[in-house]
Amino acid sequence: MLNFEDVEERDGVRFSWNVWPSSRIEATRTVVPISALYTPLKIREDLPPVLYEPVACKPPCRAILNPYCQIDIRGKLWICPFCLSRNTFPPHYKDISNTNLPAELLPKYTTIEYTLARPAQVPPVFLFVIDTCLDEEDLKALRDAIVISLSLLPPYALVGLITFGTMTQVHELGYAECTKSYVFRGGKEYQPKQIQDMLGLSSQNRAAPRPGQPLPPQSFGASRFLLPVSQVEFQLTGILESLSRDPWPVATDKRALRCTGVALSVAVGLLETTYPNTGARIMLFAGGPATEGPGMVVSNELKEPIRSHHDIDRDSAKHYKRAIKFYEALAKRASNNGHVVDLFAGCLDQVGLQEMKSLPNSTNGAIVLSDSFATSIFKQSFLRLFSKDDQGHLQMGFNATFDVQTTKELKVSGLIGHSISAGKKHIVNEEDVNNSLIMIQPTLMSYTFDTPSQPVLLDSVSIKHDVILLLDTFFHILIFHGELIAQWRKQGYQEQEGYENFKELLELPVADAQELLVERFPIPRYIVCDQGGSQARFLLSKLNPSTTHMSATMYGSTAGAGAGQAIFTDDVSLQVFMEHLKRLAVGAQTN
Amino acid sequence: MQNHIPQPPHTAGLGYQGLRPRIEPSQVPSPIETIETDRQAWEEKSYMTLPGAHVPLSTSEFAAVDQGNSSPRFIRVTTWNVPTSSRLASDCAIPLSVIVQPFADLDPREEEIPVVDFGQNGPERCGRCRGYVNPWCSWVAGGMRWRCNLCGHETEVSTAYFSNVDANMLRLDHAQRPELNRGTVDFVVSEEYWAQHPPPNINPSYFSAELPLTGPKQPLPMNYIFAFDVSNDAIERGFLKTSCDLLKTVLYGGTSLDGQQLDSSLPPASQVTILTYDRTLHFYDLNSDLTPMLVVADLDEVFVPMRDRLFVDPVGRRHAIEALLDALPQRFAQYPSRDSSLGSALRGILASLAGRGGHVILFQSTLPNTGLGALPNGSVEPELYDTDKEKTLHKPRDVSWLDVGEELAGEGIGVSMFLAPNKYMDIGSVGAVANQTGGELFFHPKFDFNRDAVALESQLQRVVRRYQGYNVKMKFRCSSGLRITKHYGNFVQSDPTDLDFGILDADKAIVADFEHSSSLNPREYTHIQCATLYTTVWGERRVRVINLALQVAEMAGNVFQYADMDAVFCRFAREAMVNMSKQKLSAIREELTEKCSAIMLGYRTKCAAASRTSQLIIPEAFKAFPAFLLGLLKSKPLKGRHVSSDVRNYTAHRILSLPPRDLIHSMYPRLLALHDLDEQVALPQIYTVDTPDPGVEGEVGVVHYDYGQIQMPSLMRNSHFFMEVSGIYLVDNEEILIFWVGSGVSPQLLQDLFGTDDFMSLDHRLHYLPRLQTTLSAQVHNILTKRMSSRGGRKPKIFVARQNHDAAEIEFSDMLVEDQNNGAMSYIDYLALIHKQITNVLNNGSALGGSASIRGSPW
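Listed in order, the protein sequences are those of chains A and B. The first sequence begins at 1 in the UniProt record's numbering and counts up by one. The second sequence begins at 1 in the UniProt record's numbering and counts up by one.
Do not rely on the hints blindly, as some may be mistaken.
[What the hints assert, rightly or not] Over 12 Å on every C-beta distance to chain B, these chain A residues come out as not near it, computed from the model:
{"hint": "1", "residue": "P49"}
{"hint": "2", "residue": "R74"}
{"hint": "3", "residue": "K76"}
{"hint": "4", "residue": "N100"}
{"hint": "5", "residue": "T115"}
{"hint": "6", "residue": "L153"}
{"hint": "7", "residue": "V183"}
{"hint": "8", "residue": "D197"}
{"hint": "9", "residue": "S230"}
{"hint": "10", "residue": "Q235"}
{"hint": "11", "residue": "I239"}
{"hint": "12", "residue": "E241"}
{"hint": "13", "residue": "R333"}
{"hint": "14", "residue": "Y499"}
{"hint": "15", "residue": "G533"}
{"hint": "16", "residue": "L584"}
[What the hints assert, rightly or not] Calculated pairs, DSSO-like style, for lysine-lysine (alpha carbon to alpha carbon, straight line, at most 30 Å):
{"hint": "17", "chain 1": "A", "residue 1": "K180", "chain 2": "B", "residue 2": "K241"}
{"hint": "18", "chain 1": "B", "residue 1": "K217", "chain 2": "A", "residue 2": "K303"}
{"hint": "19", "chain 1": "A", "residue 1": "K94", "chain 2": "A", "residue 2": "K76"}
{"hint": "20", "chain 1": "B", "residue 1": "K217", "chain 2": "A", "residue 2": "K254"}
{"hint": "21", "chain 1": "B", "residue 1": "K606", "chain 2": "B", "residue 2": "K636"}
{"hint": "22", "chain 1": "B", "residue 1": "K248", "chain 2": "A", "residue 2": "K180"}
These aren't lab readings, by the way, just hints derived from the structure by calculation. Owing to the predicted nature of the structure, the values given are computational and were not obtained by experimental measurement. The beta-carbon is built from N, C-alpha and C at its ideal position, and this holds for glycine as well.
Extracted from the complex, chain A is given alone in its bound form (with noise of 0.2 Å):
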C-alpha cells in the first residue's frame, strides 16, 4: 500500500477513505463515504509518449488495458478486471513478453496518456460572451485581454463573439462585407429553435442560390458565427477594439440593462445548433448581475436591493428561483453537448454567481471573481487558462464526454462551515486534496528573529506584535505585519545598516508569496497589512476566535500580552466547538 499522498502526486486520485468496506452495511456504518477526488488532467512530466490507439475490452464494457489486467502471454490473452471478460490481444501485440511489455501494462504506468493517431474531429471552439454595460476603462481592460487570448489560441481553434448589454448581439465574423450583428432582445426568452432560426442555421429558410452561381460553403450556418482565429483575428480584433459601452441610456435611479441570461442562452443555443457534442468553451465576462430578461437576479431599479444570502436563506429573494431553474435548464443543455461555461466577473458587488454557479459546475467551467477587469488578478487568471505545454498546446482537455461525466461523480461532500460564496466551492470541486484543503483551512506561517518560518495555528493567539505572518487561504494571500514590525518598518530600519536581519526578515514572506502566486489559478488576491489597519480583517475573519472581546476577565482588564489579539466575533471558538463535539460522542455512545 503506497502512501496516499504519493498515489494523489502519481494519478491525482485520492479517496476518502483508502480501505474498502467489505460489505454495504459496512460501508452505512462508516459515515463519511466513499469518494475519490480526481484531478484528471493533473500534469505529469514522467509520461511515456503513448502514439497508438488504446486496446479496449468488448463492448459493452469496453474498459482500457491496465496494469491491473490478467495477461496470458503465451494465449495472447488478457482478462479485465472489470467485467472480468476474456479478450485477445490484437495482432500488433504479438511479440509481448514478461520482459517486453508495452507502456499500459507496466505497474508504474496507472495513468497513461494516449496520444491518437486520429486528428481531433473538430478544432477547439472558444466563444466569448462579453458585456459591454462596463465603464471604459473596465471594457478596454477586458477588451485587451481578449485581444491578448487570441494570440494565445492555436490558429485552428474556433472563436465566436457575443456582446451583451441591453441587448444580445451575435457577431457574425465570417460576413466579409462589413460587421454584421444579429440582435437579441433582452428581455425576451427565447426557445433554442428560434435562436436557430433567426441566426439562419436551420437550412430550410435559405434562399435558393441564383442560377450559374456556386454556393460556396461558406454560406452556412457554423461558419458564418464560429471561425478559425487564423482566419478571424483581424476582423475580430477590429470589432473588439472599437466595441464601446452599451448606447442605451441609463438613468440615474436605474441599473444598466444587462441580458446576461439571453446572452447566455443565445450562446448554448448557437453550439448546441453548430457543434454539439464537440470541445466548446463559452467564456462568459460579466461586469454585474442580470437585470433584464430569463435569468434575471435583480431588476433595473435601483431601489431594488440585490438579494442577499439572508434573503436566499428566507426565500425571499425574488427572481432567485426563477434564475436557478433557468440557468441550470442551460446548464444542462451545454453539459449534454460537452460544452464548458467559465465565468468571469469584474464587478465590486455580487454578480449573481449564485444563480449562474450551475453552469461552470456542471460543464467543468472555471469561475474567476475580481473587482475589475482591470484587475491582474483578472488578466493573469484568465491567460493562466491559455497557458502551453512545452510542446505549445494548450493545458486544456476537450474530451468533453470525461469531463462532464467525471464532473457529476465528482462530489466533495462535508465542505460545511466554509464559505458559502458559490465560486469558491466551485474552485474546490476542481482543486487537488491539498489547494482543497488550504480553502478549508487555510495556511498560517508566521516570520520572526531568531527562529526559522514556522507553521502556527490558525488561531488569534498566533497574532504577536513581533511577528509576520502568511495566511495563504487560496483566494487571498496576505501578509501581516505586527504592530512592533510595523512601526520599525514606518520607521524605515530595514534601510539603515545594522538591520539587514530585520530586512531580510520583512523580504522572506514577501519571496514565499510570489512563489504561491505563480503555480495558482485563480490569481489570489495578494495583500500586504499591518496590525490595527483595516485590510487586516481578511485575516482576522479566518482565524479561531481563541481570545474575543467576550473572553475579557469579569474586571475589564484584557488577557495578557501573550494572548494574541482579541477578535470581535461572536463565532465560538474551536476549543468550544471540540468540547461540544465531545460532549456530543461521548453522549452518542452511552445511547
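Based on the hints, put chain B in the right spot on chain A.
Just chain B, lined up with the frame of chain A:
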C-alpha cells in the same frame, strides 16, 4: 373634319343601345373650349379673392390677391354661392363640399403667406368654438371683445392683443395685423399646441428597452428613414442600385440623370437613418466608422437594436452614408433573399421614430410574404372580377396593415413608398399604410432604368423638396347653420371632427362635406375655416388657418351659376374611390352617371323648365363635366374589363389625394398637336430694352428673352376624330407622356423633333426627347419644362408610339377618353345616355336610376 382618322380597332368600348340621336361630334359641348376660355381670361389679370366674383378654374394659371379671403389655390367650394337651405341644396343636387390644399405652392407672382407669432399666449381664439381670429371677426365693446364670425360668440380680447377701435369699428392697428387682412395665415404656436405622445398600446406592436414617453412631444427637425427592400426582385432589375444612387443626390446634391445640377434637398438639421430588410431587418450604426449592420431576425416581436445612435446628421456622416449606399446593392446581390418582411420593417420604423415623428421613404419590390401582416402569394383577381367579392380586392387583405398605418399616423410618421414590383404585390394592403399616414405611392412596375429612372428621380426630389409638415392635425369649422359631415382623403380620422396625418405636403388636397343644420341668412356671408396644426421640417410648430367667406344664395340659378365644376368633380371622384372597398365597380359607375344626370335634372327643373324635353340642357358651369366624368369612368380604378388590382389601387390612392387641377389633367389628359404649332407659341418673347446708360457707345438696346410669359399652345379634344395621319401628337396625363406619330408624317417633322427622318427607324424605346437645334424641338422642350415646373418638378415617363406599330399606342388610345374605349361609351353616346336618363324622369316621373330599364343597361 375631312381627314380625321378612325379609332384603332384594338380599343374595345361599348356602344349606345337603342335609337341613337344624330349629333355632329364637333357640336357637342367641348371641355377644351371651357378650359381654354378660362385660361385666356386669367392670363392677364389677377384674381381678387373677395366673395362675389367668378372663380378661375383650377386648370387656369392665375395669380390671386388675398383680400382676407383665402385663394382658390388653397380652398375651393362646390358652389361659391351656398344655398340658403337644405331644401334648395337638395333641389340643386350639387354636393356641398370644400376642397382644401393647405400647403399648395404659390404662383411666383403671389405674396408669401404671412407668419404671425403671438408668443407664449398663442393666437386669439374664440371662447366657444375655438375658431381662430381672422379678417371676418368683428370688434365690439370698444375693442374689448371680438365676435366670432363662425359661432357669433363674443370673446374677451387678451390684454396683449388689445387695440382701440376707430369710428368704423376697425382696430387702429388693423393694417399691421396680417391675421386680420389675409385669408391664409400661418401662426407660430407654443408648447400648448405640441402633439401628445400617444398612450401606450395595450397590445404593443413593437418592443422597446425604454419606457413609453408621455406628455407633450417636443417638435424636432424632420427625421428621415430611408428603407430599402433588398430582396431578389429589387436587385435583379437594378431598382435597388438606382434608388441608392438617387438617394445620394437627394442627400448631397450632384448632377441629375438628365444633366441638371441639383443641390442637397434635405432640410437643414434633419437627421437620417438607413434601414434594409429582406427575411430579416437590418439596422446600421452610421455613427461608427465600421457602420456595423445589426440584424433583427425576430419578425414577430420587433424592436430597435439602438435608438439614440440610430439617427445621424447626413452631412457630418456623409462618408459613412455614401459608403453604405454604394455597398448595399452588391452586398445583398450575392445571396439574395426571395422574401420580404415589409410589415415587420414598418414596426421597426415605428419603433425607431416613435416619440420623434418624421418621414419614411421606402423602396419596395416584392409582395411582403413574411413577418407581420405576411400576405399569401397568388392573386385570385380573375375569379373575383365583377362579383360581390370584387370589393375585397380594394382593401387590405390583412387588418394589420391598417393598424400599423394608424399607429404610424398617431406618432406623426408619414410613409411614402416607391413600388417597383415585377408581379402582383398587393398594393391594396401595402398601400393602405401610405393612405393612412398621408404619404404617397409611386409606381414603377417592371422597373426599367432607361424608362423610369428620370421620373423616379424627379419624384424623389419632389418628395423631399416640397413644402410639408408632419404630425399634422386638421379641423374644419363653419358658420352656425352649417356643419361638417364627412371627409375624403388620405388620413386617419381619430374623431368625427379631427383628421390626423403623419405628414401632409403641398400636393395633397382634402375634401370635406358639409350640410345645413338650419337655414342661412342670405344677406350675410357664411364662413368656413380650416385649421391645420403641423410641425415644419425645421421643427417649428405652426397652425395654418384658411378662411373663406361665401355668399348665400336664395335662387337655384345663383347656386348653379357660381357652381365649381372642378370641385364637384373632385368630390365625386373621391367618393367613388372610397366606395371601391364597399361596392361593385359597375355599381359605382352607374351611381356616378346618375349623380351627373341629377345635377342636369336639377338645373332643368329649377332654372330651365320651359325648354323642350328633346333638348339636353347643361348648365354653363358644368359644360365640361360629362366629359370629365366619362374620363373618370374610364380611369384605371373604375374602368371595366381587366385591370390588375395593383394598378387600380395605386391609381385610387392618387385620386384620393390629388388636388382638382391634377385630377382633371389625369382624367382628361392634355392633348397637343405638335405638327401645327404656331411660330410664336412656346418660345420666349424677344424684346429689346434701351440701355439705361447712354454712355455706352454703339449699344442701342439689349435683347431680352422673357421666359415667364411663354405663350402656351391650345389643347385639343381627346379623340381620334380630330387627329390626322400626318401629325405628331403629344398626350400627357401627368404620369406619362406619349408622342404619337402618324404613319403619314412628313420626314422634315420627324427630323425636327426626333432627329431622324425615317418613320421606321424611329426608336420606339426612346424614353427621352432629344434636344435639337430646331424651332420645333425648342418649342416642345419649353412646353415640357413649363408643365414640369407647374407640377413641382415632376417629370413624366416618356414613350413614343408610331401609328399601328408600337405597343404604347394602346395606352395612347386609352387616354383619348372621348372615343369609345376602356369598356365604356364614346362622349357623344354618353351624353345621349344622360339625356335619356333625364328625359325618362321628366316623361315618366320616375326617380333617377330607379327604373329597371336603365339599371339593366350596361351603365
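For each hint, the structure was consulted:
For P49 (chain A), the shortest C-beta to C-beta distance to chain B comes to about 47 Å, beyond the 12 Å cut-off, and the non-interface label holds. Every CB of chain B lies more than 12 Å from the CB of R74 (chain A), the least distance being 66 Å, so the non-interface label holds. Consistency note on K76 (chain A): stated as away from chain B, and its beta-carbon is indeed over 12 Å from all of that chain's, at 59 Å minimum. Look at N100 (chain A): its CB is around 61 Å from the nearest CB on chain B, clear of 12 Å, so calling it non-interface holds up.
No Cβ of chain B approaches the Cβ of T115 (chain A) within 12 Å, the least distance being about 42 Å, so the stated non-interface status holds. Once the 12 Å rule is applied to beta carbons, L153 (chain A) is consistent with being away from chain B; the minimum gap is 23 Å. Listed as a non-interface residue, V183 (chain A) fails to keep its Cβ farther than 12 Å from every Cβ of chain B; the least gap is roughly 4 Å. Residue-level check failed: D197 (chain A) sits 7 Å from the nearest beta carbon of chain B, not beyond 12 Å.
With a least CB separation of 21 Å from chain B, S230 (chain A) remains clear of the 12 Å interface cut-off, as annotated. For Q235 (chain A), the condition that its CB be more than 12 Å from all CB atoms of chain B is violated, with the nearest at approximately 10 Å. Here I239 (chain A) does not stay apart from chain B, with its beta-carbon only about 8 Å from theirs, under the 12 Å limit. Distance to chain B contradicts E241 (chain A) as a non-interface residue, since its nearest Cβ pair spans about 10 Å, not more than 12 Å.
Once the 12 Å rule is applied to beta carbons, R333 (chain A) is consistent with being away from chain B; the minimum gap is 21 Å. Remark: the non-interface label on Y499 (chain A) is consistent with the geometry, its nearest Cβ contact in chain B lying 60 Å away (cut-off 12 Å). Under the 12 Å C-beta cut-off, the non-interface status given to G533 (chain A) relative to chain B holds; the minimum distance is some 45 Å. Look at L584 (chain A): its CB is around 57 Å from the nearest CB on chain B, clear of 12 Å, so calling it non-interface holds up.
For the hint linking K180 (chain A) to K241 (chain B), the alpha-carbon distance of about 21 Å falls within 30 Å, and the restraint holds. The straight-line distance between the Cα atoms of K217 (chain B) and K303 (chain A) is roughly 29 Å, inside the 30 Å bound, and the hint therefore holds. Of the supplied pair hints, the one linking K94 (chain A) and K76 (chain A) holds, its CA atoms being roughly 7 Å apart against a limit of 30 Å. As the CA atoms of K217 (chain B) and K254 (chain A) are separated by approximately 24 Å, the hinted pair is consistent with the 30 Å bound.
Only pairs whose Cα atoms come within 30 Å are accepted, and K606 (chain B) paired with K636 (chain B) is rejected, the gap being roughly 35 Å. At roughly 23 Å between alpha-carbon atoms, K248 (chain B) and K180 (chain A) fall within 30 Å of each other, so this suggested pair holds.
Hints 7, 8, 10, 11, 12, 21 from the earlier list are contradicted by this structure; the remaining hints agree with it.
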